[in-house]
Structures are given as structure tokens and as C-alpha cells.
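Visitor: Sequence:
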Amino acid sequence: MGPTKPAAMTQAVSGPLKTPLDHHKHQIAPEKVVVEGTGGKYFSRSQMWTAILGTPAVVSVMILGTTTSALFWYPVFLALLGLPAFAAYHVFYALTATPNKPQKGLAGLGVPAYLDILDADLKKRYASASSKIPIETFFEAYFENKIELKGDMLDILESRYDWASFVWTLSQLKFFLTQWVPETLWHSRKQDEDQVRDHYDRGDDFYNWFLGPMMIYTSGIMGSADSRETLEELQQRKLETVCHKINLQPGEKMLDIGCGWGTLSVHAAKQGASVTGVTLGRNQTQWALNKAKEAGVDDKVRILCMDYRDIPKEKYNKITCLEMAEHVGVLRFTTFLNQVREMLNDDGIFFLQIAGLRRAWQHEDLMWGLFMAKYVFPGADASCPLNWVIEEAERAGFEVESSETLGIHYSTTIYRWYANWIDNKDHVVAKYGMKWWKIWEFFLAYSTVIARQGSATVYQLVLHKNLNSFDRSQFISRRLKK
Numbered sequence: 087m088g089p090t091k092p093a094a095m096t097q098a099v100s101g102p103l104k105t106p107l108d109h110h111k112h113q114i115a116p117e118k119v120v121v122e123g124t125g126g127k128y129f130s131r132s133q134m135w136t137a138i139l140g141t142p143a144v145v146s147v148m149i150l151g152t153t154t155s156a157l158f159w160y161p162v163f164l165a166l167l168g169l170p171a172f173a174a175y176h177v178f179y180a181l182t183a184t185p186n187k188p189q190k191g192l193a194g195l196g197v198p199a200y201l202d203i204l205d206a207d208l209k210k211r212y213a214s215a216s217s218k219i220p221i222e223t224f225f226e227a228y229f230e231n232k233i234e235l236k237g238d239m240l241d242i243l244e245s246r247y248d249w250a251s252f253v254w255t256l257s258q259l260k261f262f263l264t265q266w267v268p269e270t271l272w273h274s275r276k277q278d279e280d281q282v283r284d285h286y287d288r289g290d291d292f293y294n295w296f297l298g299p300m301m302i303y304t305s306g307i308m309g310s311a312d313s314r315e316t317l318e319e320l321q322q323r324k325l326e327t328v329c330h331k332i333n334l335q336p337g338e339k340m341l342d343i344g345c346g347w348g349t350l351s352v353h354a355a356k357q358g359a360s361v362t363g364v365t366l367g368r369n370q371t372q373w374a375l376n377k378a379k380e381a382g383v384d385d386k387v388r389i390l391c392m393d394y395r396d397i398p399k400e401k402y403n404k405i406t407c408l409e410m411a412e413h414v415g416v417l418r419f420t421t422f423l424n425q426v427r428e429m430l431n432d433d434g435i436f437f438l439q440i441a442g443l444r445r446a447w448q449h450e451d452l453m454w455g456l457f458m459a460k461y462v463f464p465g466a467d468a469s470c471p472l473n474w475v476i477e478e479a480e481r482a483g484f485e486v487e488s489s490e491t492l493g494i495h496y497s498t499t500i501y502r503w504y505a506n507w508i509d510n511k512d513h514v515v516a517k518y519g520m521k522w523w524k525i526w527e528f529f530l531a532y533s534t535v536i537a538r539q540g541s542a543t544v545y546q547l548v549l550h551k552n553l554n555s556f557d558r559s560q561f562i563s564r565r566l567k568k
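Positions in the sequence shown are counted from 1; adding 86 to them yields this note's numbering.
By construction, these hints were calculated from the structure, which means they are not laboratory data. Some clues are possibly wrong.
Stated by the list, open to error - With a Cα cut of at most 27 Å, we get these calculated BS3-like pairs of lysine-lysine: (1) 232 x 209; (2) 187 x 232; (3) 399 x 386; (4) 511 x 111; (5) 209 x 379; (6) 517 x 551; (7) 401 x 386; (8) 190 x 232; (9) 460 x 517; (10) 521 x 511; (11) 524 x 551; (12) 379 x 401; (13) 232 x 551; (14) 401 x 339; (15) 111 x 187; (16) 209 x 517; (17) 127 x 209; (18) 236 x 551; (19) 379 x 460; (20) 399 x 190; (21) 260 x 190; (22) 210 x 127; (23) 209 x 187; (24) 517 x 260; (25) 460 x 236; (26) 524 x 210; (27) 236 x 524; (28) 218 x 232; (29) 127 x 111; (30) 187 x 210; (31) 511 x 399.
No experiment lies behind these values; they were computed from the predicted model shown.
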């Protein structure tokens with residue numbers, strides 16, 4: 087017999103709960119029926135590349151005929167039509183694909199059991215029990231008060247396959263082609279500065295209402311799958327884990343890239359390290375400096391409000407980067423790693439915590455990623471699987487000492503954030519309005535589910551320079567003490 091799931095993870099038939107779920111009771115968010123969607127299992131890369139390369143060829147021949155001119159102009163048609171052909175193939179596949187496994191256990195209640203549709207046009211299209219509403223259509227309408235929930239957001243999303251479909255909409259397609267692709271690839275300094283400050287300088291109270299007093303916007307770590315732990319316990323364990331994995335010693339110089347509100351920087355300084363934290367957020371900079379002063383380590387903490395590309399060229403014993411590298415962009419990721427390597431001592435350690443999507447993707451994963459790119463982390467790219475991150479690190483001259491996947495830990499962390507957000511609804515709505523509260527309600531609820539089921543996850547990598555002289559024996563005793 088294999089291991090059994092904790093009681094909080096036991097499956098049940100889907101359907102709306104009659105009584106609200108107590109989100110302060112469970113360690114891991116309870117799941118209902120679990121089904122597999124459509125996705126990469128039956129996806130044909132050869133067919134996709136045929137569409138990408140073949141569509142421009144067909145158009146070129148149709149316009150110019152079978153002449154040398156058609157061949158000459160083919161690269162131009164490819165540049166213009168390749169990406170739309172890529173998107174069109176994904177749209178077609180999402181509409182016609184077979185689920186990875188038969189979807190059993192759904193209640194079959196449809197939209198009316200979960201959603202109250204207020205908009206007349208939407209009601210005509212999706213009010214029947216047999217219809218399913220595209221997930222993007224749902225959340226956009228919910229944000230605009232055209233749909234109301236018949237229950238708790240997290241509970242309703244647990245049964246999403248009973249009432250939602252995961253197909254591309256025209257608005258998603260437009261966003262993907264005109265915003266997501268250029269913003270994700272380009273990443274100019276001005277773009278990064280504007281997007282980060284628009285997001286993180288919204289107001290410290292906005293983030294405090296779900297992050298809690300520690301103000302850490304990255305995954306915590308559980309110590310148990312069953313016993314309920316507070317958000318602060320999860321985050322404290324993460325701070326201790328990071329310092330343990332890098333073997334932080336008193337007197338060492340540490341660089342914390344993307345330090346946020348400075349909690350890790352201050353924690354490391356309390357261990358005796360001299361820490362430089364870097365963030366683009368003005369509010370975060372001041373918060374971190376105040377936190378260092380309150381902790382009595384302001385003489386050991388330096389917080390720089392700047393782009394990572396402008397970090398002073400100094401050498402450090404330890405470098406950490408927790409969930410900031412997603413904002414670098416895939417085209418600049420190698421350059422970023424090279425920069426880190428140049429700043430790291432030959433015997434130093436680099437700790438990278440980075441979010442990504444699973445390689446065995448499903449369409450739901452993509453729908454969630456596009457929502458995140460539009461509303462939560464514009465310009466960020468958390469779509470890369472672990473093998474891509476490792477390959478890029480090795481190309482940059484690093485050796486991967488260890489790698490851990492912490493998606494279930496992230497789900498539990500976000501579940502705490504969701505509970506806090508629900509508790510602080512009145513405060514958020516009074517200052518920021520109902521729409522912002524709804525956006526984060528959906529973001530936190532859906533991310534709890536997405537991370538728990540492995541769609542999106544977070545990786546912890548311990549890296550060092552791949553040099554003959556590096557002392558690899560130092561990791562043995564620490565691994566045994568883990």
C-alpha cells in the first residue's frame with residue numbers, strides 16, 4: 087500500500103459547500119474532486135512547428151506565387167505570422183484536445199450551482215446547467231460585478247471543472263500577442279521600474295493585510311503535513327532554511343537581490359552577516375531600513391533602491407535571490423546569472439528561489455499564467471520549468487549542489503495569505519475599492535489550488551561556481567543535519 091493523504095487532502099464529490107469552510111483550521115487547503123485537464127500529454131510539437139513555419143509559406147506563395155520572390159520574402163512573412171500561427175494552434179488544440187485522464191467525480195451541476203450571473207448577455211450564454219464559462223470570461227466579469235459567487239471563492243474554484251472551461255478567448259489572445267510577449271521579452275529598465283513600482287509601491291498596508299507582520303512575499307516552508315502552523319512559523323522556517331543552506335557565517339558579506347521589505351536581510355544581519363539588500367520598490371526600501379533599525383542591526387544592513395543591473399560591482403560570500411529572477415526575463419536570464427557569478431567569491435554560495443510551471447503542462451496552467459501576467463506580476467515570466475533553469479545556471483558556470491521543489495509549501499503559504507485577505511476585506515475595500523479586493527481574492531484562491539496540484543511551483547537551488555578548487559565536502563555535514 088502507498089502512503090495515504092492527510093485528512094485535509096481527502097477527495098470528495100464536487101459541489102458548492104452548504105456551510106463556509108474555516109480557512110484557519112487546516113494546514114493544507116482541503117481539496118475536492120481532482121481531475122486532469124487537457125494539455126501537453128497529447129500535444130504535437132511537430133504539428134505546432136508545421137503551423138508556425140507552414141502558414142507564412144502558404145501566404146507567401148498565395149501572394150507572390152512560386153517564384154524566387156516568395157522565397158526572398160518568406161522571412162518577413164515568418165516574422166509577421168509565426169507568433170500568430172503559434173497562438174492559433176494553441177487555441178485550436180485547447181478546443182479539440184482530450185483530457186489527460188477521464189474526468190470522473192464531477193457533480194455535473196454547471197454554472198447555476200456556483201455563480202449568479204447578473205449580466206443579461208452572459209446569462210443567455212452560460213445560465214444553463216450544461217454550459218461552461220471560459221475561466222477568463224468568469225474572472226473578468228466577476229471583477230466588473232457582472233457575476234457574483236454562491237459561496238467562498240476557494241471552495242468554488244475547487245469545483246471549477248464542473249462549471250468552467252479552459253479555452254482561449256479573443257481578449258486573452260490579444261493580450262498574449264500584444265502585451266505578454268513583448269513585455270516578457272523586452273524588459274527595459276524603464277519597463278521594469280514602472281511595473282515594479284506600480285505593483286509594490288501600491289501601499290504597504292495593502293500587502294500587510296495578507297502577508298502579515300513579517301511582510302514576506304515568497305513561499306514559506308512547512309514542518310508537517312497535518313499539524314496547523316501559522317504563517318509566521320512557515321516564514322521563520324524558510325528564513326532559517328535559507329541561512330542553513332548557504333552556511334551563513336558571522337562576518338560574511340551577503341547580497342540579497344530583490345530583498346522586498348527586507349525580512350531576510352535583517353534576519354541574516356542578526357546572524358552576524360553584513361548584508362546588502364536591493365529592491366526597486368521605494369516603499370520597500372524605507373520599510374526595510376526601519377526594520378533594520380528596530381532590530382538593532384542598521385549598522386549591518388544596507389538597502390539599495392535600484393535596478394539589479396546597477397548593483398555595485400563588489401564581491402560577496404553569499405548571494406540570495408528569492409522569487410525576483412522571474413522579473414529578469416528569459417532573454418536576460420543568462421546575463422543576470424553571469425552578473426551574479428562575477429559578484430560571487432570563488433568559494434561563495436548562491437541561493438536561488440524561483441517560480442515556474444511544470445513541463446507536463448495543462449491548459450489551465452496557461453490560463454492562470456496569463457491572468458497573473460495581466461493583473462498580478464506584469465512583465466514577469468514564471469513559466470520556465472526546472473530543467474530550463476538548471477541548464478541556464480550550468481551554462482553560466484554554476485554547479486547545482488541541490489534542488490528542491492516546494493509547490494505544496496507555496497500552496498500552504500498562499501492559503502494563509504488568502505485567509506488573511508478574507509479577514510481584512512472591509513479594510514481593503516474601504517481604501518482600495520472592491521475591484522482590487524476581488525482581483526486578489528481570485529489570485530490568492532486560485533494560486534492556492536494551482537500550487538497544490540503542481541501546475542505552478544517554486545524551486546530552491548543551491549549553486550556555486552563550478553571550479554576545481556571549490557570545497558564540495560562542506561555540504562556533507564549540513565545535509566546530514568537537515
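Visitor: Hint by hint, note whether the structure agrees.
Guide: Consistency of the hints with the structure:
1. 232 x 209: Roughly 10 Å separates the two Cα atoms, so the pair holds.
2. 187 x 232: 33 Å, violated
3. 399 x 386: 19 Å, holds
4. 511 x 111: Holds. Residue 511 to residue 111 sits at ~19 Å (cutoff 27 Å).
5. 209 x 379: 56 Å, violated
6. 517 x 551: Since the Cα atoms of residue 517 and residue 551 sit roughly 48 Å apart, the hinted pair is violated (cutoff 27 Å).
7. 401 x 386: 16 Å, holds
8. 190 x 232: 30 Å, violated
9. 460 x 517: Satisfied, since the Cα-Cα distance of roughly 22 Å is no more than 27 Å.
10. 521 x 511: 11 Å, holds
11. 524 x 551: Cα-Cα ~45 Å, so violated.
12. 379 x 401: 25 Å, holds
13. 232 x 551: Violated, because 54 Å separates the two Cα atoms, which is more than 27 Å.
14. 401 x 339: 8 Å, holds
15. 111 x 187: 32 Å, violated
16. 209 x 517: Between residue 209 and residue 517 the Cα gap is close to 31 Å, so the pair fails against 27 Å, i.e. violated.
17. 127 x 209: 34 Å, violated
18. 236 x 551: Measuring from Cα to Cα gives roughly 54 Å; hence the hint is violated.
19. 379 x 460: The hint is violated at about 36 Å.
20. 399 x 190: 57 Å, violated
21. 260 x 190: Given pair residue 260, residue 190 is violated - Cα atoms ~33 Å apart, limit 27 Å.
22. 210 x 127: 34 Å, violated
23. 209 x 187: At roughly 31 Å apart (the allowed maximum being 27 Å), residue 187 and residue 209 break the hint.
24. 517 x 260: With Cα atoms ~32 Å apart, residue 517 and residue 260 exceed 27 Å; violated.
25. 460 x 236: 26 Å, holds
26. 524 x 210: Roughly 24 Å between the alpha carbons, so the hint for residue 524 and residue 210 holds.
27. 236 x 524: Roughly 14 Å separates the two Cα atoms, so the pair holds.
28. 218 x 232: 16 Å, holds
29. 127 x 111: Not satisfied, since the Cα-Cα distance of roughly 36 Å exceeds 27 Å.
30. 187 x 210: 31 Å, violated
31. 511 x 399: Since the Cα atoms of residue 511 and residue 399 sit roughly 44 Å apart, the hinted pair is violated (cutoff 27 Å).
Comparing the model with each earlier hint shows violations of hints 2, 5, 6, 8, 11, 13, 15, 16, 17, 18, 19, 20, 21, 22, 23, 24, 29, 30 and 31; every other hint is respected.
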